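There are 2 protein chains.
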Amino acid sequence: MNKLALLLIDVQKGFDNPVWGQRNNPGAESNIARLLAVWRSKDLPVIHVKHCSVSPASPLHPAQPGNAFKDEVQPIAGEPEFTKTVNSAFIGTGLENYLKEKGLDSMVVVGLTTDHCVSTSTRMAGNLGFDVTLISDATATFEREGPDGIKHAAETMHAINLASLNGEFCVVKSTDDVLSTLA
Amino acid sequence: MNKLALLLIDVQKGFDNPVWGQRNNPGAESNIARLLAVWRSKDLPVIHVKHCSVSPASPLHPAQPGNAFKDEVQPIAGEPEFTKTVNSAFIGTGLENYLKEKGLDSMVVVGLTTDHCVSTSTRMAGNLGFDVTLISDATATFEREGPDGIKHAAETMHAINLASLNGEFCVVKSTDDVLSTLA
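Residue numbers (our numbering), protein chains in the order written: chain X, 1372 to 1554; chain L, 1372 to 1554.
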């Protein structure tokens, strides 16, 4: 159990910008905070991932205030931080090597957004051989418009993307599920 | 234009097995065949990817007849074939190196299934810096059940996954769009 990492993906202030549209799971950050508190109390490994957009206009660009981590997930001493410029936390970062060097072969994934960076990182983690649990109520996404011009609500984007991931790349569980296992 | 590769992902007979459930886009294979014929007629690069499941019971396991490519996409001399055991065509294969060595920085992606191997390969291709066009009517997927037990039709899985991919990892176009550009 001391090898079970909590991977926090892109829990950054820039996602509060209205530019992203309607969001689901408003309680995701409080569930992330609950998980983080238990991980820290048990001295389990915590890993932070930050998106540093290469687009100057993005709320997640390093020169923008939105690049900062949200208050709920400010890293503390000893918690590594990996920065990325694309969706996958495993491309252009040292994350895979870090996990292997530390012998961390399983992880619990939380963060933003379900269908972009969280899905891509979960897919790569699973395909690279890691054992991944994705927390349905500690992730969230935004409404999207399809290539056919049809708009889809954030809750639909979230639910369908979880259905694509569950059982193929990861196991999807709730915050309460995971916390009861750790208790 | 002679650097625009056609990447055919997992167009294998095993996907005709009823075990996968209800499918969308029954015309995907005929659209793939139309694209392949034009690529060959113009001597553009064609790349085949085959899934070799490590699960003996899978219709895609190398010992199963379903591992074979469908008749519409049988490789011909000079067309490279990459085999994979996970969803991403870029993990455990030489595909990324091959593309870079050949100077192929853009690709048109088709195949099965939209939300598993096609999505994962499209995401990685985009994140690795390739310019990706995904063909909406030359891909298809199956019905899935979410972690909450709710069932989703194949058409829903397909449409929502395209909405997550379009504009972030690739541009989604139709077969006719691409063929008219090449004409």
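If you're looking for bench data, these hints aren't it; they were derived computationally from the structure.
Just so you know, not all the hints are guaranteed correct.
For lysine to any residue, the following SDA-like pairs were computed, each having C-alpha atoms within a straight-line distance of at most 20 Å [what the hints assert, rightly or not]:
id: 1; chain 1: X; residue 1: K1544; chain 2: L; residue 2: D1519
id: 2; chain 1: X; residue 1: K1522; chain 2: L; residue 2: I1447
id: 3; chain 1: L; residue 1: K1544; chain 2: X; residue 2: G1517
id: 4; chain 1: L; residue 1: K1544; chain 2: X; residue 2: G1520
id: 5; chain 1: X; residue 1: K1522; chain 2: L; residue 2: H1523
id: 6; chain 1: L; residue 1: K1473; chain 2: L; residue 2: D1519
id: 7; chain 1: X; residue 1: K1473; chain 2: X; residue 2: P1451
id: 8; chain 1: X; residue 1: K1544; chain 2: L; residue 2: H1523
id: 9; chain 1: X; residue 1: K1522; chain 2: L; residue 2: V1409
id: 10; chain 1: L; residue 1: K1522; chain 2: X; residue 2: E1526
id: 11; chain 1: X; residue 1: K1384; chain 2: X; residue 2: K1374
id: 12; chain 1: L; residue 1: K1544; chain 2: X; residue 2: D1519
id: 13; chain 1: X; residue 1: K1374; chain 2: X; residue 2: K1522
id: 14; chain 1: L; residue 1: K1384; chain 2: L; residue 2: K1374
id: 15; chain 1: X; residue 1: K1544; chain 2: L; residue 2: K1471
id: 16; chain 1: X; residue 1: K1384; chain 2: X; residue 2: D1442
id: 17; chain 1: L; residue 1: K1384; chain 2: L; residue 2: P1427
id: 18; chain 1: X; residue 1: K1544; chain 2: L; residue 2: G1520
id: 19; chain 1: X; residue 1: K1374; chain 2: X; residue 2: P1430
id: 20; chain 1: L; residue 1: K1544; chain 2: X; residue 2: H1523
id: 21; chain 1: L; residue 1: K1374; chain 2: L; residue 2: I1447
id: 22; chain 1: L; residue 1: K1374; chain 2: L; residue 2: V1409
id: 23; chain 1: L; residue 1: K1471; chain 2: X; residue 2: I1462
id: 24; chain 1: X; residue 1: K1522; chain 2: L; residue 2: E1526
id: 25; chain 1: X; residue 1: K1544; chain 2: L; residue 2: G1517
id: 26; chain 1: L; residue 1: K1522; chain 2: X; residue 2: K1374
Given the structure is predicted, the values throughout are model-derived calculations rather than measurements.
To see whether the hints hold, each was checked on the structure:
The straight-line distance between the Cα atoms of X/K1544 and L/D1519 is roughly 9 Å, inside the 20 Å bound, and the hint therefore holds. Only pairs whose Cα atoms come within 20 Å are accepted, and X/K1522 paired with L/I1447 is rejected, the gap being roughly 41 Å. Taken as a hint, the L/K1544 and X/G1517 pair is honoured in the structure, with Cα atoms around 11 Å apart against an allowance of 20 Å. Between L/K1544 and X/G1520, the direct Cα distance comes to roughly 12 Å. Compliance with the 20 Å bound is thereby established for this hinted pair.
A threshold of 20 Å between alpha carbons decides the hint, and for X/K1522 with L/H1523 the separation of about 17 Å falls inside it, so the pair holds. Under the criterion of a C-alpha separation no larger than 20 Å, the hint pairing L/K1473 with L/D1519 is inconsistent with the structure, at around 45 Å. Distance restraint check for X/K1473 and X/P1451: the Cα-Cα separation of roughly 12 Å lies within the 20 Å cut-off, and the hinted pair is therefore satisfied. Restraint check for X/K1544 and L/H1523: the C-alpha separation of about 19 Å stays at or below 20 Å, so the hint holds.
For the hint linking X/K1522 to L/V1409, the alpha-carbon distance of about 33 Å lies beyond 20 Å, and the restraint is violated. At roughly 15 Å between alpha-carbon atoms, L/K1522 and X/E1526 fall within 20 Å of each other, so this suggested pair holds. Among the hinted pairs, X/K1384 with X/K1374 is inconsistent with the structure: their alpha-carbon atoms are about 29 Å apart, more than 20 Å. With a C-alpha separation of about 9 Å, the suggested pair L/K1544 and X/D1519 falls inside the 20 Å cut-off, and the hint holds.
At most 20 Å may separate the alpha-carbon atoms for a hinted pair to count; X/K1374 and X/K1522 exceed this at roughly 41 Å. A threshold of 20 Å between alpha carbons decides the hint, and for L/K1384 with L/K1374 the separation of about 29 Å lies outside it, so the pair is violated. For the hint linking X/K1544 to L/K1471, the alpha-carbon distance of about 39 Å lies beyond 20 Å, and the restraint is violated. Taking the CA atoms of X/K1384 and X/D1442, the gap is near 8 Å; set against the 20 Å cutoff, the hint holds.
For the hint pairing L/K1384 with L/P1427, the CA-to-CA distance comes to about 16 Å; that is within 20 Å, so the pair holds. For the hint linking X/K1544 to L/G1520, the alpha-carbon distance of about 12 Å falls within 20 Å, and the restraint holds. As the CA atoms of X/K1374 and X/P1430 are separated by approximately 34 Å, the hinted pair breaks the 20 Å bound. Between L/K1544 and X/H1523, the direct Cα distance comes to roughly 19 Å. Compliance with the 20 Å bound is thereby established for this hinted pair.
With a CA separation close to 19 Å, the supplied pair L/K1374 and L/I1447 stays within the 20 Å bound. A threshold of 20 Å between alpha carbons decides the hint, and for L/K1374 with L/V1409 the separation of about 14 Å falls inside it, so the pair holds. Restraint check: the Cα-Cα separation between L/K1471 and X/I1462 comes to about 16 Å, which is no more than 20 Å; the hinted pair holds. As the CA atoms of X/K1522 and L/E1526 are separated by approximately 15 Å, the hinted pair is consistent with the 20 Å bound.
Using a Cα cut-off of 20 Å, the hinted pair X/K1544 and L/G1517 holds, with the two alpha carbons roughly 11 Å apart. Note on L/K1522 and X/K1374: the hinted pairing is violated, with a Cα-Cα distance of about 34 Å set against a maximum of 20 Å.
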